[in-house]
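Let the sequences and hints guide you as you build the complete structure.
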Amino acid sequence: MTLEIQNLHVRTEEREILHGVDLVVKRGETHALMGPNGSGKSTLANTLMGNPVYEVTDGRILLDGEDLTEADPDERAKAGLFMAFQYPATIPGVSVANFLRMAVNAGREEPIKVKEFGRLLRENMDLLRIDRDFTSRYLNEGFSGGEKKRAEILQLAMLQPEFAVLDETDSGLDIDALRIVAAGVNEMRVPERGFLIITHYTRILGLVHPDFVHIMLDGRIVREGGPELADELEDKGYEWVREEVAAGAS
Amino acid sequence: MPPNFVEDRRKAALEVFESEPLPTWRRSGFWTTTVRKLQLDQLEPRRYEPLEELPEIVRQDLGDEEHAGLIVQRGASVVYSHVADERIVVMPLEQALEEHTELVEQYFAKRLPYDEGKFPAATAAFWTGGVFVHVPKDVQLEHPIQVVWLIDEPGTAQYAHTLAVVGEFAECKIREYFVAPDFEGQALHAGAFELYALPGSHVNLAHYQDWGSGEVYDISTRRVEIRRDAQVKWVPIHLGGHLTKQTLDIITAEQGSDMRHTGMYFTERDEHLDLFTTDKHEEGHTTGDTVWKGALTGESRASYEGLIHIVPGATETDTYLQTHQMLLSPKAKGDAIPSLIVEVDNVKASHGGTVGELDQEQIFYMMTRGLSRAEAVRVLVEGYFEEVVQRLEDPGLEALVRTRIAEKLRGAEQQVREFIGERAEAA
Chain F
-3 MTLEIQNLHV RTEEREILHG VDLVVKRGET HALMGPNGSG KSTLANTLMG NPVYEVTDGR
57 ILLDGEDLTE ADPDERAKAG LFMAFQYPAT IPGVSVANFL RMAVNAGREE PIKVKEFGRL
117 LRENMDLLRI DRDFTSRYLN EGFSGGEKKR AEILQLAMLQ PEFAVLDETD SGLDIDALRI
177 VAAGVNEMRV PERGFLIITH YTRILGLVHP DFVHIMLDGR IVREGGPELA DELEDKGYEW
237 VREEVAAGAS
Chain V
79 MPPNFVEDRR KAALEVFESE PLPTWRRSGF WTTTVRKLQL DQLEPRRYEP LEELPEIVRQ
139 DLGDEEHAGL IVQRGASVVY SHVADERIVV MPLEQALEEH TELVEQYFAK RLPYDEGKFP
199 AATAAFWTGG VFVHVPKDVQ LEHPIQVVWL IDEPGTAQYA HTLAVVGEFA ECKIREYFVA
259 PDFEGQALHA GAFELYALPG SHVNLAHYQD WGSGEVYDIS TRRVEIRRDA QVKWVPIHLG
319 GHLTKQTLDI ITAEQGSDMR HTGMYFTERD EHLDLFTTDK HEEGHTTGDT VWKGALTGES
379 RASYEGLIHI VPGATETDTY LQTHQMLLSP KAKGDAIPSL IVEVDNVKAS HGGTVGELDQ
439 EQIFYMMTRG LSRAEAVRVL VEGYFEEVVQ RLEDPGLEAL VRTRIAEKLR GAEQQVREFI
499 GERAEAA
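Listed in order, the protein sequences are those of chains F and V.
Read in the working numbering, the first sequence has 100 at position 104, and its numbers run on one by one without any break.
Quick note: to get the working numbering, add 78 to the position in the second sequence (first position is 1).
Derived by calculation from the structure, the hints in this document are not laboratory data.
All values derive from a computational prediction rather than experimental measurement.
Beta carbons: idealized from backbone N, C-alpha and C, even for Gly.
Check before you lean on any hint, since a few could be wrong.
Stated by the list, open to error - Taking beta-carbon pairs under 10 Å as the criterion, some of the chain F residues facing chain V (in silico):
(1) N42
(2) P88
(3) F130
(4) N182
Quick look at the structure:
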């Protein structure tokens, strides 16, 4: 039971950004995808969810063997994929609670009972230490960076997907907020669920310990290893990776 | 025998009506509103007997909401009225001329000159029935005053006049509903509305227009005057009409007065809407906040022009106008223009606006949460209008507007999906 990315080539109107990415995340595993700005991490996350801005020119995305490469974003969500956005959209006029109810119901045959939804929402808000009045605000309208990230993780907790991609959820969070978010993610790390944590920094990996680390550079995964790879990167920086890759290529 | 001030105005207005040609409104060279297809001589004011019960369409729209007063004009006749709160006056304007002559004379047409064009002249010359609302000093109403203008037969010409006076420190909600069932054929509503909010009063005013799919022309002028330290929240809602040409003016006439002006329109099929609103500040130390939002489907045309006008002497005015328009069909054409005339220094006045299509990022975001594209569009458009709907502060009317927005979106689902799909492909 896995999320499989095979030889993925992705382009925008202007240029190719991913030049053949392979990555396998099994359920129960947490993978970290690291890389400098512009290396293609967010492109990979958005492509996994079916953002129409990106075109897959080669390769496949499989979830438990089902080919999702051409699927619409809502089909991917129903298949069990989730992404916490780096820059989530603002949805004026739609409260957090209303939006969450719609999203929860989208994945169910029968609409969730009001009481059950309320209980679930309160539990998860307590887990993420979110104020109760938060849910009556319009989604992401006037939210601080930290509030947006917490709203994303709240959605993750409410939707309980099988595979979750966190796209730079750690960036812009102060250490207290990061701890709360990390605790929430750790709570959701269960054998039935896989995580792909995309980050620029190693900070979050001290709180959410990954099983595997991948380093992306210029649209390719160039290094893979265990958690120790993140430590090495912390010590030596991305320039080290770049030099190593250059040396290997020559 | 009606008082002379009304009869004299009718005579003078009739002369203007007869001498003026049918108007064509042109703006900026490329926007034209014309009534040349209106067969005015085929239309007539139709008189009706009083009704024991409300007509079905009116009952549906009003729901079971309680009211302080309710009055219904069908065609040329007031057919129903009920006053639940004895402190207020809600009656036909014709009757008020007899029973409240002094008060009516003081305010009648004070802000509505009869010589502003052919249709205002027609209204001034031909109005019948009419509505008079008076909320006396210090009276605070819990439930709204509801005024209904009903056209339920093609061939009808309805010349309307509503005069509302809200006394000092009074607080109330006034709603006018403009409704017609779907019918085949032409009809005309030529309306005049005036509200005087006296010092210290608070009025929540709404106009709800839904003329159905018949060929109803609505050419109306509405003016609101706000006196010292009074506040009017005005929420015009346009949900349907074959051709609508309206002038909506809100005037802060004395110091300390405040306007909250929040409107919306949703045009479909081949509807044509042309709105010109003016926020006029005649005195200093007044405040204003205007937001207009529109959405267009089908081959409809909608033009909104919003003007802030600050006259000489009105210093320390603080006002803002924003206008938004959302195109939901490739064949719809829209135009939204905010403008400013500021004839004095030391004021704060600004405007802003957007004209655009649905945001692909927002749609993508919602779809990643499992919503289909059609649902995402529905939620976005409903959310877009929500800011306006909530300003109604009236659960019954809010529910009605939300229901109608949802119905319109369902009706347009196919074309919106194609449009959004094409846009996504192109991106």
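Verification of the hints:
| no. | hint | in the structure |
| --- | --- | --- |
| 1 | N42 | holds, 8 Å |
| 2 | P88 | holds, 5 Å |
| 3 | F130 | violated, 17 Å |
| 4 | N182 | violated, 23 Å |
Hints 3, 4, counting from the list given before, are not met by this structure.
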